[in-house]
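**Student:** Here the protein sequences line up with chains A and B, keeping their order.
Heads up, the first sequence is in the working numbering, so the first residue is 1 and it goes up one at a time.
Heads up, the second sequence is in the working numbering, so the first residue is 1 and it goes up one at a time.
Among the clues, some could well be false.
[As the list claims (entries may be wrong)] Only pairs whose alpha carbons sit at most 20 Å apart, straight line, appear in this in silico EDC-like list of lysine to aspartate or glutamate:
(1) B/Lys116 with A/Glu190
(2) A/Lys343 with B/Asp316
(3) B/Lys141 with B/Asp170
(4) B/Lys101 with B/Glu155
[To be verified] Chain A side only, calculated, beta carbon under 8 Å to chain B, not exhaustive:
(5) Leu13
(6) Ser23
(7) Ser30
(8) Val36
(9) Thr40
(10) Ser58
(11) Ser191
(12) Tyr212
(13) His228
(14) Gly301
(15) Arg391
Don't read these hints as lab results, they were simulated from the structure.
For every residue, glycine included, the Cβ atom is placed at its ideal position computed from N, Cα and C.
2 protein chains.
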Amino acid sequence: MRAEIITVGTELLLGQTVDTHSSYLSRECSALGIDVYYHTSVGDNVRRLSEVFRLAGSRSDLVLVCGGLGPTMDDLTKETLADVLGIQLVQDPDVVARLEKYFDGRSQQMPQNNYKQTYVFPDGDVFVNLNGTAPGLAVSKNGVTYVLMPGPPKELIPMFENSIRPFLIDLLPGNEVIVSRTLSFFGIGESLLEERLKDFIENQSNPTIAPYAKEAGVTLRLTAKAKHEQAAHDLIAPVKAKILERVGEYCFSENEESLEEVVVSLLRGRQRTVSFAESCTGGLLSHLLSTVPGCSLVLKGGIVSYTDEVKNRMLDVPADILDEHGAISPAAAESMASEAMHKFQSDFAISITGVAGPDSADGKPVGRVYIGLAEAGRPTRVYQLALKGSRGRIQLLAAKHALFILQQRLKKGETTT
Amino acid sequence: MRAEIITVGTELLLGQTVDTHSSYLSRECSALGIDVYYHTSVGDNVRRLSEVFRLAGSRSDLVLVCGGLGPTMDDLTKETLADVLGIQLVQDPDVVARLEKYFDGRSQQMPQNNYKQTYVFPDGDVFVNLNGTAPGLAVSKNGVTYVLMPGPPKELIPMFENSIRPFLIDLLPGNEVIVSRTLSFFGIGESLLEERLKDFIENQSNPTIAPYAKEAGVTLRLTAKAKHEQAAHDLIAPVKAKILERVGEYCFSENEESLEEVVVSLLRGRQRTVSFAESCTGGLLSHLLSTVPGCSLVLKGGIVSYTDEVKNRMLDVPADILDEHGAISPAAAESMASEAMHKFQSDFAISITGVAGPDSADGKPVGRVYIGLAEAGRPTRVYQLALKGSRGRIQLLAAKHALFILQQRLKKGETTT
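Isolated chain A, as found in the complex:
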């Protein structure tokens, strides 16, 4: 089934509102196995709205429309569609009764405007709005089904879940299901990942394999269609295994988790704690871990030591090291990690010191970052990175790299980067 989504409202075209409905409805359609081919946003304008409806009717089987069902004069969606389809709207006594009751419950007289919302498509469907006055509507003509939903998210989402999803399931032909599996990678770029998997990506159609660059890292989504769920999983499993054979060392999640979620879950599973000593990331590393609910079982805390004086006084990094090697050095990273582990009495500690830019510092270039990993009973290891990008990007990549190093250590019992 070919579907498209139309969102209506001049506020969208002025950029005053971000269209989150298209994304929400697309996700829902995808889960139902309905292919969405277009999203369109258009203003409250009869001529342009008519054109958009005509085009949609010519190329799609299902047209989902959001917005423009309000009581005011500039709400034109329903009236314009009725006109395009040559259908006369009729007043629905059930809707009249419901709306009058709605205003009665608020001790208000129903405004004259709202009677506009009681007109529906004859032979169409009407969906109750639990959180507002505009009912949802559906109508089919010439093999195309149009579904009209109110624009406010607090009205649209409950209506979709209660009434429209079941309505769509009834529309579906056959019984194909779609299953997706997402693999998350760090430490390998999108184009290199694709190059390493080129033959799979080109020759594979079920499951399809699609790479996406994320804020830090890359994901691969494997999507299979089959008669039932288990069959779809069976199509994905061998392809996934072949991919992991080639690039598994960079894969940190098969389950759409973030690196910080994976680290918290590994630490919890092993009943280990961690602490941090951060310089150029200024607390981002500990903050990333703190975004995960339940982190308090594994995160002891951290020290942000932005100046040499604080590194020395609060972290006991020896003045010798700071004088001789500087604060941006392997020796400083090692000392920061070891001291943090000691002070916080944690099982692991990670330090980050480096140059986030925009200017070089201490004779080191922008992007030079040292990460120390301390672990009870083992020598502290130090990793050197050369990162690129803006100050914010270098901070983010440094913190994510630190998490990846810890994840590798926790997963394999040894670091591989």
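Fit chain B to the given chain A structure using the hints.
**Tutor:** Relative to chain A, chain B alone:
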């Protein structure tokens, strides 16, 4: 000038990504006086992409296209548009040199794939990408100008601001100049701000006044059109003054700075230093300050004390306070701030302790946050907040509130919140 925006990417149609570019670009166009009539999202599919380009070319003067400029096989935007327009792409030696240098700087061989990104429209424009490999492109044919931009926000937004906005201004007919001034507010919601300024917003057409909700806070953009720049500034000045008379107490920048930039600049101007003691924000507050270049002159450091044990051992928060009042209490916030100021030997210190959720803690509801502000020679003050939203949202609002409190203190010599 009639414009439309096309975003390209199958991930949009699967609902994996929310299209924020259409909204961003619409706002920018609106500020330039360019009318946007349609947004369309379409997948990486030659046939459908061609249809969308043909339709856009038939109804718009300006077509802004985002996404599908990557190095991989499913990035088809540029090639498809060239095909629709009947133009042969040519390799641009400047782009080749820039990309080879880009990979050289990363000590990598340039992947074969990326050479695809060196092809451009002959007689078109090329826009440098400071944060990635895909250059932006522009081409005009039959009176329609097409502008192609890379999809990742960190590439698109700087490219738009540095190159594409000036390019669009050159396209504008006539010799009107447009000047915008953005006022940034914190501590007042978008609807309340709009209500307080309703008469201005409704009756004002030059400058226009447009409120936008930001990640934390609200901005008002005043945009004036005039024959020359000074005349536009003269239109803005009296309206700005009237607005600040009403809601100036919430305004922290007239210059599009973030709260953290304003705080760093105020601290530098007064030669004061700050340190932090964070619990529920996990280091976000110090990280926000560390995103500002030059923060090392004012940021001493911070302690993330995620457990009671660390609050007591590392910060010397008395066990009495933790036992009697709990870690989420005004007394704990006061002690954390005072101790941090003492330990880091800073002029100011801020503490944050609270419940970020998803579960309540210590008998305190989700969103309850205490912020302590310590200052040499003054009693430490504690502020209580009741924040709403997800864990991440509560963390962000708590950290921004702390910065706002410090900004108010630095600006006025006293706190007003």
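**Student:** All the hints need checking, so say for each whether the structure fits it.
**Tutor:** Do the hints match the structure? See the list:
1. B/Lys116 with A/Glu190: Since the Cα atoms of B/Lys116 and A/Glu190 sit roughly 15 Å apart, the hinted pair holds (cutoff 20 Å).
2. A/Lys343 with B/Asp316: Holds. A/Lys343 to B/Asp316 sits at ~13 Å (cutoff 20 Å).
3. B/Lys141 with B/Asp170: 17 Å, holds
4. B/Lys101 with B/Glu155: Holds. B/Lys101 to B/Glu155 sits at ~18 Å (cutoff 20 Å).
5. Leu13: 5 Å, holds
6. Ser23: 4 Å, holds
7. Ser30: 5 Å, holds
8. Val36: 5 Å, holds
9. Thr40: Constraint on A/Thr40 satisfied, holds at 5 Å.
10. Ser58: Violated: closest Cβ of chain B sits about 11 Å from A/Ser58, beyond 8 Å.
11. Ser191: Holds. Min distance 5 Å.
12. Tyr212: With a closest approach of 6 Å, the A/Tyr212 hint holds.
13. His228: 21 Å, violated
14. Gly301: Nearest chain B Cβ about 4 Å off; hint holds.
15. Arg391: 6 Å, holds
Consistency with the previously given hints fails for numbers 10 and 13, ordered from lowest to highest.
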